[in-house]
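Whenever a hint applies, use it, and build me the whole structure from the sequences.
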Amino acid sequence: MTELRQRMAREPDAPPEDKESEAEAKADGETASDSESRVEAVTLPTSVDDTPEVLNRALSNLSSRWKNWWVRGILTLAMIAFFFIIIYLGPMVLMMIVMCVQIKCFHEIITIGYNVYHSYDLPWFRTLSWYFLLCVNYFFYGETVTDYFFTLVQREEPLRILSKYHRFISFTLYLTGFCMFVLSLVKKHYRLQFYMFGWTHVTLLIVVTQSHLVIHNLFEGMIWFIVPISCVICNDIMAYMFGFFFGRTPLIKLSPKKTWEGFIGGCFATVVFGLLLSYVMSGYRCFVCPVEYNNDTNSFTVDCEPSDLFRLQEYNIPGVIQSVIGWKTVRMYPFQIHSIALSTFASLIGPFGGFFASGFKRAFKIKDFANTIPGHGGIMDRFDCQYLMATFVNVYIASFIRGPNPSKLVQQFLTLRPDQQLHIFNMLKSHLTDKGMLTAATEDK
Amino acid sequence: MWELRHRGGCPGPGGAVAPPPREGEAAGGDHETESTSDKETDIDDRYGDLDSRTDSDIPEIPPSSDRTPEILKKALSGLSSRWKNWWIRGILTLTMISLFFLIIYMGSFMLMLLVLGIQVKCFHEIITIGYRVYHSYDLPWFRTLSWYFLLCVNYFFYGETVADYFATFVQREEQLQFLIRYHRFISFALYLAGFCMFVLSLVKKHYRLQFYMFAWTHVTLLITVTQSHLVIQNLFEGMIWFLVPISSVICNDITAYLFGFFFGRTPLIKLSPKKTWEGFIGGFFSTVIFGFIAAYVLSKYQYFVCPVEYRSDVNSFVTECEPSELFQLQSYSLPPFLKALLRRETVSLYPFQIHSIALSTFASLIGPFGGFFASGFKRAFKIKDFANTIPGHGGIMDRFDCQYLMATFVHVYITSFIRGPNPSKVLQQLLVLQPEQQLNVYKVLKTHLVEKGILQPTLKV
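These protein sequence lines are chains A and B, in that order. 1 is the number of the first residue of the first sequence in full-length UniProt numbering; add one for each residue after it. 1 is the number of the first residue of the second sequence in full-length UniProt numbering; add one for each residue after it.
Simulated from the structure, these hints should not be mistaken for laboratory data. Since the structure is predicted, the reported quantities are computational estimates derived from the model, not experimental observations. Backbone N, C-alpha and C define an ideal beta-carbon position, used for all residues, glycine too.
Some chain B residues near chain A, calculated using beta-carbon distances under 10 Å:
id : residue
1  : Leu202
2  : His206
3  : Tyr212
4  : Ser375
5  : Leu405
6  : Thr408
7  : Phe409
8  : Tyr413
9  : Leu430
10 : Leu431
11 : Gln438
12 : Tyr442
13 : His448
Below, simulated DMTMM-like cross-link-like pairs (lysine to aspartate or glutamate); rule was C-alpha separation at most 25 Å, straight line:
id : chain 1 : residue 1 : chain 2 : residue 2
14 : A       : Lys435    : B       : Glu174
15 : B       : Lys205    : A       : Asp368
16 : A       : Lys187    : B       : Glu278
17 : B       : Lys443    : A       : Asp434
18 : B       : Lys446    : A       : Asp434
19 : A       : Lys257    : A       : Asp368
20 : A       : Lys429    : B       : Glu174
21 : A       : Lys435    : A       : Asp308
22 : A       : Lys164    : B       : Glu451
23 : A       : Lys429    : B       : Glu436
24 : A       : Lys253    : B       : Asp138
25 : B       : Lys443    : A       : Glu305
26 : B       : Lys270    : A       : Asp121
27 : A       : Lys187    : B       : Asp385
28 : B       : Lys204    : B       : Asp138
29 : B       : Lys204    : A       : Glu261
30 : A       : Lys164    : A       : Glu292
31 : B       : Lys300    : A       : Asp419
32 : B       : Lys300    : B       : Glu322
33 : B       : Lys452    : A       : Glu157
34 : A       : Lys104    : A       : Asp121
35 : A       : Lys429    : B       : Glu309
36 : B       : Lys382    : A       : Asp121
37 : A       : Lys365    : B       : Asp138
38 : A       : Lys188    : A       : Asp121
39 : A       : Lys429    : B       : Glu451
40 : B       : Lys204    : A       : Asp368
Laid out in C-alpha cells, this is it:
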C-alpha cells in the first residue's frame, strides 16, 4: 500500500501533503460531490498500510515493484496454505468458513454503499441491513441444510415445529424487517433510504445465494467444492503469470492489466490443472463421497461406495492423439471429463465476474473493496471471480450429474394426502411396468 | 421530456456545464463529446448530487398529461373539481371491477394471461421511472438488456412451476422433454449471456449509471416477477385462493377510503397524510366481514374451489374435482356469548372461512404497508403516480402496490398450513430419477402405503 501513497505523491500536480489535499488526491477515489457538500474529508480507508512490520523490514531493500510482488506472493501462499488446513479440518469447519466469508463480503459491500451515499447515520439502517442478512440466511439454512439433518430434526420437538412452519416463520421475520423499514422512513431522506434498501437487497442476492449454492455443492461431495474453487484460483494466478511474462494485447478496456495472452494461457493451464487435480482427488473417499450427517456419532461422515463417476474407466484415445502419445487407451475417471467443463467455465466466464467487480470499483471510484488482506484488498476482491462459478457448478450438478434426491422425494411423498399418494404410486407403477423394470416376480416381495 | 431537457441545461452546483443539449438528446448526453476529466467530474457532480442531495433539492418530475376521456369530461363538466375527481375515480373503479369479473368468467387461462400482462406493465412502469430518474434513456443496450432479463427470469419461473401442470402434454413432445430436463441449465445460460452482455456494454463514462440501472432492473424483477408467479401458483391451487385475497385487498382499499372520507380525523402515518386511523380500523372490520361472506359464497362452486388442471384430451384447463374438506360445510358450536346473541347452538361454516379471516386480517393490517412503501418510493423520487395509464388512478403499479405482499403471504400460508408439496411436481421428479432409484422408491412407498392400509397387501399386478 505504500506504493499507492508514493504514486500519488509523485503526481506532478499534487499539492504538498496535508489532510485536505490528500483528500483531494483521493478525490479520484471519491465522488466530486464530497468536496462540495462536506467540509471535512470523508474518505474511504484505502491507503492504510496493513502490511505487517515483519514483512516491511524483510523487504525494505527491494524496489517497490518487486516488493509489491513479494507481498502479494507471500499472502497468496498464506491463503492457499490456510485453504489446505481448512480442507483437512473437515466439512463442518468449511461450512463455517463459507459463512464467515459471506458475512465479510456482505459487510464490505454494505460499507461501500454507506460511503458512497454518506448514509452511515441513517436511522436504523445498519440494524436493518444486518437483520435482513440474518433473515435470508435463516431462510436458506432452514430450507437446505435441514434436509441433511432430517433425522436429528424429527427427534427434537422444537426443531420439528420450526422445520414444519419454516417458510411461514421466515416470511414473518422478513415482513417485520420490511415494516420496520417503512416505519423508519424519515422525511428528508426518503431517496437515500430507498437506495440503501435496494443496495442491501442486491447485495443479499449476490452474496447469500452464492454462499448457499457453495454449501449445496459441498454436501454433494467435497470434490465439487474444491475443484471449482481451485480452478478459479489457478486461472487467476496463471493468467497473471502468462500476462506478466508474455502479455502484449490488452483484453478489455475495463481492466487494462488483463491481456489476451494471459487469458488464453490461463485457459489452457487451468484445464490441465483441473484434469490433474481431479485425477488426484478422485482416488480418495473423503473427497468423493457426499457429506452425510450421522445421527449416532453426531458428526459428519464421508463414507460411501464411490459412484460411477469416480471409478477408473478405459477410454479410447482418438487417432490424432494416439500417434502423439503412443498409447491406445487411457484410464481416466469420468469425473475428469466433467472437470474439463468446469475448468473451461472457470477460465472463460469466471473472468467476467472479475470484470463486473472492476466495473463496479471504477463506477464507485474505489481501488479495492476493503483493506483486509495486505497486497490483495478485501475478501470480495478475492472472491469476485468465484461469483458465477458456484451457481454454474450447482446448475451443472442438478442438470447433468444427478437428479433430485430420492430420500427427499420420499419425505415429500409422505406429507401428501392419501388419495394423492395412491395416485402417484399408481402412476409410478405403470411407468415402471412400461419400462419393464417391474415384473410379477418383483411384485411379490 | 421537454422539462427534462430544460433541467439538464441548468447549471449544476459544481460549475459550468455545456449549453442545453441538442434536440432529442438526454440531459447527460452532451458530455459525451468532451473527454477531459473535468467533464467526468461534472457527470459525477450530477450523479453525486442525485445521490446525496436531500429530497427537497431534487426538482419534481412533472405530472403527466390528463388522459381522462372526452366523454367523461363533458358529462362531468358541471360539477366542481373535487366531486369531478371523485366521480372519475368511482367510474374507473367500477370499470376495473367489471373487467375483473369478466376475466374470471372467461377462465383460468385468461387470468394467467392477465397476470402476465400486469406484470409486464408494472415492470415497464418502474423501469421507466428509473430511466427518468437517472436520465439514462440513451444508455447503450440498456433497454434491450432490461427486457432480456425480464424474459430470462420469466422463462425460468414458468419452466419451474407452470410446466409441472402440463406434465402430460410435455411427455408427448420430445423437444419439450429436452427443454424440461435441462431447464435450469438453459435458463442459467440465458441469464449468463445477458450478464456478459452487460459487462461488455460498460462504457467508460457511464459506469455508475449502468450499475444503477442494472441493480434497478434486478430489484424490479425481484418485486414484480416473483409476486406474479406466486399469484399464478395460488391460482392453480384453486381460483378461490386467487380471488379472495385480491378482493380483500381491493375491499380494504375502498372501505378504508370510504371510512376515512366520512369519519376520518386522526392521521395514521406521516408518509401518507390522507390515511387516517378511523379509515384503517373501519377498513379492517369491513374487510374481515367481506372476506367471510365472499368465502362463503365462493366455496359452494366447484369452479372456484378445485385445483386447476390441464387435461390433455380436451386441451384446456378444467376445474372439476371432489371438493376437499376445507370446502365442505361443517358444524361449529358457537361460543356462549355468540350463542346468546344469535340464538343458535351451532353454525354451518366452511373451514375455509376461518382461513379467510386470517387472509383478510393480513390484507388489512399488513397490506397497507405495501402502500406506504410505494408512497415512500413516490415521494423519494418526487413523482405523483407511477404512470398515467388509468385516468384518476395513476399507473397499474398504483393499483397493485398493496397486493405486493399479499400474494407471498397467501403462498406461504398455503404451503405451511393447507397442503404439502405439489403432487404433480413430486411425480415429475420421481420420473426423472434413475431407474434403480425409482425401483427403490417404489418399494419404500409400497411398504408405507401397505402399512397405512391405503393399499391392499394382497393386490397383485
